[in-house]
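Just so you know, the sequences run in chain order A and B.
For what it's worth, the numbering used here labels the leading residue of the first sequence as 1, then goes sequentially.
For what it's worth, the numbering used here labels the leading residue of the second sequence as 1, then goes sequentially.
Everything labelled a hint here was simulated from the structure, so no lab data went into it.
Note that CB positions come from ideal geometry on N, CA and C, so glycine has one too.
Accuracy of the hints is not assured; some may be wrong.
Each computed EDC-like pair below joins lysine to aspartate or glutamate, with the alpha-carbon atoms no more than 20 Å apart [what the hints assert, rightly or not]:
#, chain 1, residue 1, chain 2, residue 2
1, A, K405, B, D67
2, A, K69, B, E91
3, A, K411, B, E169
4, B, K124, A, E402
5, B, K145, A, D353
6, B, K43, A, E63
7, B, K164, A, E412
8, A, K464, A, E402
9, B, K111, B, E91
10, A, K405, B, E128
11, A, K410, B, E169
12, B, K90, A, D353
13, A, K394, A, D353
Simulated DEER-style distance windows between Cβ atoms [to be verified]:
#, chain 1, residue 1, chain 2, residue 2, range
14, B, K164, A, T483, 34 to 44 Å
15, A, N168, B, A181, 31 to 41 Å
16, A, K476, B, V179, 21 to 31 Å
17, B, K89, A, R319, 23 to 33 Å
18, B, N44, A, D327, 28 to 38 Å
Where chain A lies over chain B, by a calculated footprint (3+ residues, C-beta under 8 Å) [stated by the list, open to error]:
#, region
19, 64-74
20, 105-112
21, 145-156
22, 163-169
23, 172-178
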Amino acid sequence: MGNTNNKFDVIVIGSGLSGGWAAKEFTEKGLKTLVLERGPEVKHLRDYPTTNMMPWEFPHRNEMPQAVKDANPVISKCYAFREDAAHFFVKDNEHPYTQEKPFDWIRGYQTGGKSLMWARQTQRWSPFDFEGPARDGFAVDWPIRYKDLASWYSYVEKFAGISGNRDNIPSLPDGEFLPSLELSCVENYFSDFVKKNFEGRHVIYGRCAHLTVPQKIHLEQGRAQCQKRNLCQRGCPFGGYFSSNSVTLPWAEKTGNLTMISGAVVHSIMYDEKTGKASGVAVIDAKTHKATEYFARVIFVNAAALNTNLILLNSTSKRFPNGLGNDNGLLGKYMAFHNYRARVSGKYDGFLDKTTDGRSHTSAYIPRFRNVEKQETDFLRGYAAGFSANRGIKRNTDGFGEALKNNLDKKEMGPWNVGSHMMGETIPKESNYVALDKNKKDEWGMPLLSISIDYDDNDEKMVKDYQEQMTMMFEKAGFQDITTTDSKQAPGLDIHEMGGVRMGHDTNTSMLNKWNQLHECKNVFVTDGACMTSTSTQNPSLTYMALTARAADYAMSEMKKGNL
Amino acid sequence: MLNCCMTHLKRREAIKQLFCITAGVALIPSCMSDRSKAAILLKNIKISAEEEAMLAALCETILPKTDTPGAKELSSHLFVLTMVDECRKKEDQQQFISGMKSFQDKCQSYKGKDFTSSTPDDKKAIVESIIADKDDSTDLKYFFKTVKGLTIQSYTASEFFMTKVQVYELIPGRYHGCVPA
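Just chain B, with the same shape it has in the complex (with noise of 0.2 Å):
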């Protein structure tokens, strides 16, 4: 078990400790016993191995890996999840599983395949195609914005956006009230 760990360890090694062993959300590989489960330990929601897969697909095209790193790299679809599982009321949570199942049935319309395999144009038409829909109420939209938005602070809260993009101060030691902006 410990070689599996350290093997899961060393692929998240760009992440450190985004998914360390706090606050309940634990790394177990996927090495161990069932297969079908997920890579971290949700307490509250229920997701499959190839529905965390299809999330970090979805991250990744949401937020892909430019000059800067992108989703998949942040492993910004577990922070989604921990963020989901954790820090959501039952009613979120139910209507987020009910898009991402709506998510995987507009996936396999579209051309028969899952988000995962899909091509990069594909997947890029899926997502254009969730956001062109003008009806903001479905569970569908609610998945989507969600993600989004979590995918979003992943990366604005991350050690890497702010060092690098928009520095954060812990010790600013100054405030000037009114300087060029």
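So that you can see chain A by itself, here it is in the shape it has in the complex (with noise of 0.2 Å):
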């Protein structure tokens, strides 16, 4: 198991859904892998608290006592801090930061990150995407196109499981599915309605990471068919979905190959001059605040992209004064996040004699379709948006004694109640960017993360074209008593932040080159968010996923060369 030495192969840092998914690369091809997670460790069916717990049994019904929320009001503010899943969050008040301006930083600290959390929506990038930045001018090219991680897609996919529908839309390519779920009634009629009315438009079956119908290697991980039950962020006791709790890191114990260090905080990497890369990295202990040092061939920094940029900007040296590899002081700089901010709603009078039976972990989705194939308004990118429609009971809640409830204990049908929420992509500038507190630090004497990240004009512009969309398609549609709303949140509760350590073609310009590498650091290799040149509209972490398993090939290919 452990190497007394504290030297290994690789060293990744952060055991979330790219952490995860490094292990398993490393440690299925032999290599002797330390992965440190600075959270408490989360192991599978084990450490699921109340994956079976019924509504009732939450003391307060599954909201957070007020006393939490007033001690915790950025985490408050995330749809999934609930009593059924708040102990997978970061409270505030404990892992405190900066905001230079207003930001909602939302983690997830334990075994598995967010990827216990996440709503496991999964869409590749397409060509489109990656030319984004090239054809529209702004951010920096990327060093890689689509066909680079076409087949990493499919690879990951069929690891993962991902249930979706051959739409054969260009601008998201098909991968390798299970099958898909129905839709509701009024999803198809929605879908069937776009697709007849409004050219280049789709509302498809929102693709996700769930084992509809499992695969030989996903019963060999020990994962059977999802249930439906909707109570992911909870852990799942099937492994219905992907986490990398259920997925990579038991696949990569079984190896024997792994080593798991739970509640070690990564200070630093350490660079050495004398051979030009990184040896290895510098922890404390979570609890005791005792220092240790492990060393690596090669470092895999997936910590999450805002606490990827903070390492590495805390990996100071004589060489590199200013961050790990960043000579060119672009680190914690081109900071993007997805734009989350409106809604649109409205009921429906049509297929009231039908109804929907069980639960879906999914509905529609509708890819991007502004700006496509060319510039066409007057905002750069677009937005893609889920789509939903749904009816349930209708709560009568008339009255009081035994008129209530009578009331009460009827079960008329309400109307469908149709939803849409945005997914914008935002554009990276230097202006958006995260740096190390100059005065405050944090426990375990790693300076506060400072964040200023900020909406610009073509976010707003951006906002007003998808409730203009939204809305006309809606009404075109036949649904009623439309509504629009603009949360005006601050960044970060999309939970999407991306950049600050971007891939690029120019060591002048960028960070990492087209394999995950840091340019003047070539065995410290990131994957997680922090690597995103451009944001796209895509539910990033399927392309996490991709860009990691290609990275580790790579690097492993390097280490065989003797290269690293």
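Each of the two chains sits in its own frame; use the hints to bring them together as a complex.
Following this line, the structure appears as structure tokens:
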């Protein structure tokens, strides 16, 4: 198991979605791999305390106590911070950070990180997405294209288990899919309507990381068919969705090549001037604050976008006084996120003789249709959107006494509720950055992260366009009582923050090369959200999996050649 | 002390784990020192044992026992108090208490009795008059709406309702998008 010399072939910082994947790739190929997780251990099945609880067993019926909300205003804004999963979310008062501008930083510090609580929506990037910056003149050119990642998407999709339909849409390539679920009557109705009336716009089944029909590989992983409980954020007794805890980490453990250390806060990556490479990682024990060093030939930084930036910024040396690999001063800059501000909702009075049965763990998805083939609007890029149509029992609360009792027991169906939310691409800018707080440190002696990220004019125009377009589509489809909202929420609640260690061709204008290696320190790789040169509109986790598998493969070929 | 606890718990047998020692809510039997304090440990609001009894009676008037359990059996008033005490902001708690005082005054001015010792008909009349009041902005209205809403939730989110009336499936195992309603 452990190497008493603290020497490993590979160190992976972070056991979340991308870190777990790195661990799987390296251990599978026989490399002794250390995974450092700053949070406590969460072992699949054993450490899911709420997973089988019934609604009435929660003291506040899943509402959070006011005292917790008051002490933790940031995390309390997160939709999933409820009694059943709050224990998996970082509390702001325990892990403070500096908001130079308002930013809601949502984190999960435990084995598996946010792969426990994520929404499991997965889409491939397309050629249009990788070509975006070059065509539209923002950020820098991606050093890779879709064709470089396509086979890796297939590779990770098969292992993870992705459910979807073959929709044949150029801006959203199909993948290796398990069967899809049905969509609801009205989701199908809207899909057909949009197909007939709006050229180039599609409403499709929301592709997701669920085992609708497990394959041999998934049974080998010890997983079973998703049972559509929709309680994924608690951890799943069936392993029905993808998480590090249920998929990649147990697989890595089986090889005998994995060492997992929990409660290990990475302070910095150590740089050896003689070799021109990173030598290892300095760790502070989360509880005892004792310092330990670990050494490896290759280091994968998968601490989640902002924490990866923090670690690299804190990895200073004579050679790199501004952070590891940061000759050009761009580390922490060109941050971006997804614009989740707007929603459109309504009702539909069709299909009143129909309803849904059971539960679905996904809904419908509208791929970006703005500015795909060419620039068409007064804003750059565009937005994807979710779409869902559901109906439930209309709760009749009229009156009191016996009359109220009788009303509550009624099973009258309410109307179909339709809703959509936007997922807009944001343009990375130098003025959106993260940096080390100059004064404040946390209890492990690391500087707090200072975050300065904001919306711009492009985002405002995009919100307006989304609201107009969706409202128009809803109206034409015959939906009623249409309302639009703009939450004006701070960046961060999208939980898709990216950038700071961007990939690019040029060492002057980027941090990573086309293999996710730091240009200036070739044995350090970054494959989580920090590496993203642009954000596009897709839910990014699938792309992190593919980039990680590809970079790990490259790292191993370099190690074989003796280059690393 | 232990014997008191056992008697107290046996009386609440039907509610089972509804208010077990979780999330800071403890059942403290009224046989303990201060008879004038409420039977559950509240952190933020203060009510007396009499006020707790009044609340229990009000909840039962709102949601009585029929052929399905009522508020008394479900200890709905304890759920109301827990939610107000732990899941509401300070200003909402203050409005609740103020509204509760208004409610007590209203009962006294109706027939000079408190709610608990009023007849079932009088209880109904008092509730009806609150509902009939067109002014929605009073503390009394807030108090009543809060009690009614949380009483309803204590019923619809109860084990009984979710296993016998509208069955909640922990493991649906299926999804059909378009079936007859």
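State the violated hints by number, sorted upward, taking the hints as numbered earlier in the document. Checked against the structure, the hints that fail are numbers 5, 8, 9, 12, 17, 18, 20, while the rest are satisfied.
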